[in-house]
Amino acid sequence: MALPLKYNFRNVFVRWRATLATVTGIALVVAVFVLVQSLAVGLEKASQNTGDPRNVMVARKGSTAESSSQVTREQSRNILYLPEIARDARGRPLVSADVVILVNLPRRDGTGEANVTVRGVTPMGMDLRPQVTLTHGRWFNPGRREAVVSQKVARRFAHCDVGGRIRTGGTELTIVGWMDGDNSAFDSEVWMDADEARSAFDRDNYSSLLVRVADTNQMAALAKRIESDKRASLRAEPEIAYYSAQTRTAGPIRILGNFLATTMSIGAIFAAMNTMYASVGARTREIGTLRVLGYRRRSVLLGFIIEGVILAGLGGLLGCMLALPMHGYSTGTLSFDSFSEVVFQFRITPWLAAQGVIFAIAVGFLGSLLPAVRAARLPVISALKAV
Amino acid sequence: MTIPAFIIKNALRNKRRAALSILSVAVSLFLLVTLQVALRELTLPPEDVGAALRVAVRNKISLANLLPARQLPIIERIPGVESVTPFTWFGGKYKNEEGMTFAQFAMDAKKLRKVFGEAKMSEEEYVAFENQRNACIIGRITAEKYRLKRGDRITLESTVYPVTMDFQIVGIYSGTVDDRNMLFHQEYLDEASGLPGMVGMWWMKVTSAEAMPKVIQRINDTFANTSAEVRAESERAFQLSFISMWGNIRILVTSVSSVVVFTLVLVSASTMSMAIRERFRELAILKALGFRRRELFAFILAESFGLAAVGGLIGIGSAYLLYTYGDISKLTSGVFVVFEVTPRILAFASLVAASLGILASLLPSLAAARMSVVEGLKTLD
Chain A
1 MALPLKYNFR NVFVRWRATL ATVTGIALVV AVFVLVQSLA VGLEKASQNT GDPRNVMVAR
61 KGSTAESSSQ VTREQSRNIL YLPEIARDAR GRPLVSADVV ILVNLPRRDG TGEANVTVRG
121 VTPMGMDLRP QVTLTHGRWF NPGRREAVVS QKVARRFAHC DVGGRIRTGG TELTIVGWMD
181 GDNSAFDSEV WMDADEARSA FDRDNYSSLL VRVADTNQMA ALAKRIESDK RASLRAEPEI
241 AYYSAQTRTA GPIRILGNFL ATTMSIGAIF AAMNTMYASV GARTREIGTL RVLGYRRRSV
301 LLGFIIEGVI LAGLGGLLGC MLALPMHGYS TGTLSFDSFS EVVFQFRITP WLAAQGVIFA
361 IAVGFLGSLL PAVRAARLPV ISALKAV
Chain B
1001 MTIPAFIIKN ALRNKRRAAL SILSVAVSLF LLVTLQVALR ELTLPPEDVG AALRVAVRNK
1061 ISLANLLPAR QLPIIERIPG VESVTPFTWF GGKYKNEEGM TFAQFAMDAK KLRKVFGEAK
1121 MSEEEYVAFE NQRNACIIGR ITAEKYRLKR GDRITLESTV YPVTMDFQIV GIYSGTVDDR
1181 NMLFHQEYLD EASGLPGMVG MWWMKVTSAE AMPKVIQRIN DTFANTSAEV RAESERAFQL
1241 SFISMWGNIR ILVTSVSSVV VFTLVLVSAS TMSMAIRERF RELAILKALG FRRRELFAFI
1301 LAESFGLAAV GGLIGIGSAY LLYTYGDISK LTSGVFVVFE VTPRILAFAS LVAASLGILA
1361 SLLPSLAAAR MSVVEGLKTL D
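Chains as they are written, first to last, in my numbering: chain A, 1 to 387; chain B, 1001 to 1381.
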């Protein structure tokens, strides 16, 4: 017969002082684990949330980022009238030739500088990226040195308020508006007119082409047609797939999170063990009584393990709650894919929170296993005699 | 029984608990040292011997923008400049690896000795590198990682240029802080890419540390208002600008370290109080025997301090041994090359351990001081 759960619950709270310390300790471990992993999740989500399912991205084969890709004007002309490409009402192909430049800008808080992605984009390119909306000011005018920055970038870099001027090399850009990329990779970008960008930064070639297909079933056919031109040596893939692959930065963050979690959990297991051993020690007589009442060894064993799990589970829940206020908080770091600042949010998904609690429960289980075995093995008579 | 013996007996009488407390302190301090070292390496990367005399010049727009090769003779004429070489990022992928695993740069082989003198190679290797068009040299770490030796041929596909190039390894160097890079001829790259006239950066050695600020100023001024404005800076400043790109990583590691320290204090304090509370009866007896509060404090403090000290010694010591004698680039799969536990970090961690021992004894000491003898004698558990 198993011990009633209520018994376990109440026992957890009887020695509340020692329990509290252990629960808080486990909570902090879980909070650190969840927060660090939520950074990795946020980075991945920002990449995965980018793009339109009807778009195909064309870049130079072998390039790992748009900024290091080149598409010549001739190559771009050859692609423009391929049959799979959708046309607008006036019969113009839905293709945008963008130019992507990395620009070194000072941080707003004065702690240094970082590279920011500047995208020279055509009006067509803006239509092809419906995720991006204007939030303040106005869009840039073609033919002028004007730019619109993502509001998340604007909060991190100097002179990016509407009306501000950013100087880079010999070029000065006036900020005329802020945009929002709906938590996509475009949240890390500055946009300006494509032709203006090419003249300001002295670029003959485009960096990439974004192409809308008329029928999504023809995506593979279009990609094949573009890639089959061996001289051009271009690569075409769905825009969503292109961005989803840009998650190399998340790798080291995950490694850090796992390293911290492993090391800290070892400490937490020791703490849980200490608490549980103390609990067993203090309740020797009680355990003897339970055994005399007819509870079997395995019920006692299970009872103590359940206590440990409840204790740690509470810690896990508390840890998730501690981490939760950071959800949605915007932060940024160097992207290993684009070699420029990527802005993203802490993302605490339900699955991540569940992982945190499961992790805590594992700590509780491992920490209470040995003390529970000890409790179960206590000889009845001497246990009863214990003071 | 002497008093020290009494304290040691007390500390070890519940061996399991003593061991668990010591180990949890050890694990936490190990983690603390690791994070501190990582933070230091991230924010203050190691410096090469020759760094004090080196200047890096990049395009003012950003590192990702190229510079025109025609700037070379202009820079060479600036007084105080001893030797200049182009330094162009190739971003090559080796074999079928997912991304780039070591950096490659195209440069002027004849300038290697003058600009990057700390790279140690035999005379024969230097000469071979200077005279063979498709020659390359690689750092010792990369050579060991891929079991490459002199005479081997390697093929790299660039992520920056539309080319795949073949090289022959003619030398393996060591002695720089990061013996991983591969160096080859700028001319060979120009030829293969068919885009001569552009380089990634200029790196140069100046004649003296005093000349450096002037040289930097001169270079920046010379190219101001040209089609390719530049940013010249000391090697150190260049490295630090890289670190600024890491963004909020520093805050992240710092806050994680604080949480670790806090958790550690909490857990150890609770363990210590547990150990003392179990002994209230005994402490009451000691009081009844005529020991003073002060002496009881000393017993508790010594015990707690001792446990923390042993835990600290194990944690800090193992971190020190691992990072000083272990192969750190293997452990972190190449993220860190150097992982130096500095005296400063050792001192900080020891201080944390010591404060922990003192803090953890405070609560139980207070409780012991407040209890009356009678009450203490009545306590059962």
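Just so you know, these hints were derived from the structure itself, not from any lab.
In this text the structure is predicted, and so the values were computed from the model without any measurement.
One should not assume that every hint holds.
[What the hints assert, rightly or not] Subject to a maximum C-alpha distance of 16 Å in a straight line, what follows is the list of computed EDC-like cross-link-like pairs (lysine to aspartate or glutamate):
| # | chain 1 | residue 1 | chain 2 | residue 2 |
| --- | --- | --- | --- | --- |
| 1 | B | K1205 | B | E1235 |
| 2 | B | K1015 | B | E1278 |
| 3 | A | K61 | B | E1235 |
| 4 | B | K1330 | B | D1178 |
| 5 | B | K1093 | A | D337 |
A quick look at each hint next to the structure:
1. B:K1205 <-> B:E1235: Satisfied, since the Cα-Cα distance of roughly 10 Å is no more than 16 Å.
2. B:K1015 <-> B:E1278: With Cα atoms ~14 Å apart, B:K1015 and B:E1278 stay inside 16 Å; holds.
3. A:K61 <-> B:E1235: Given pair A:K61, B:E1235 is violated - Cα atoms ~33 Å apart, limit 16 Å.
4. B:K1330 <-> B:D1178: holds (14 Å)
5. B:K1093 <-> A:D337: Roughly 14 Å separates the two Cα atoms, so the pair holds.
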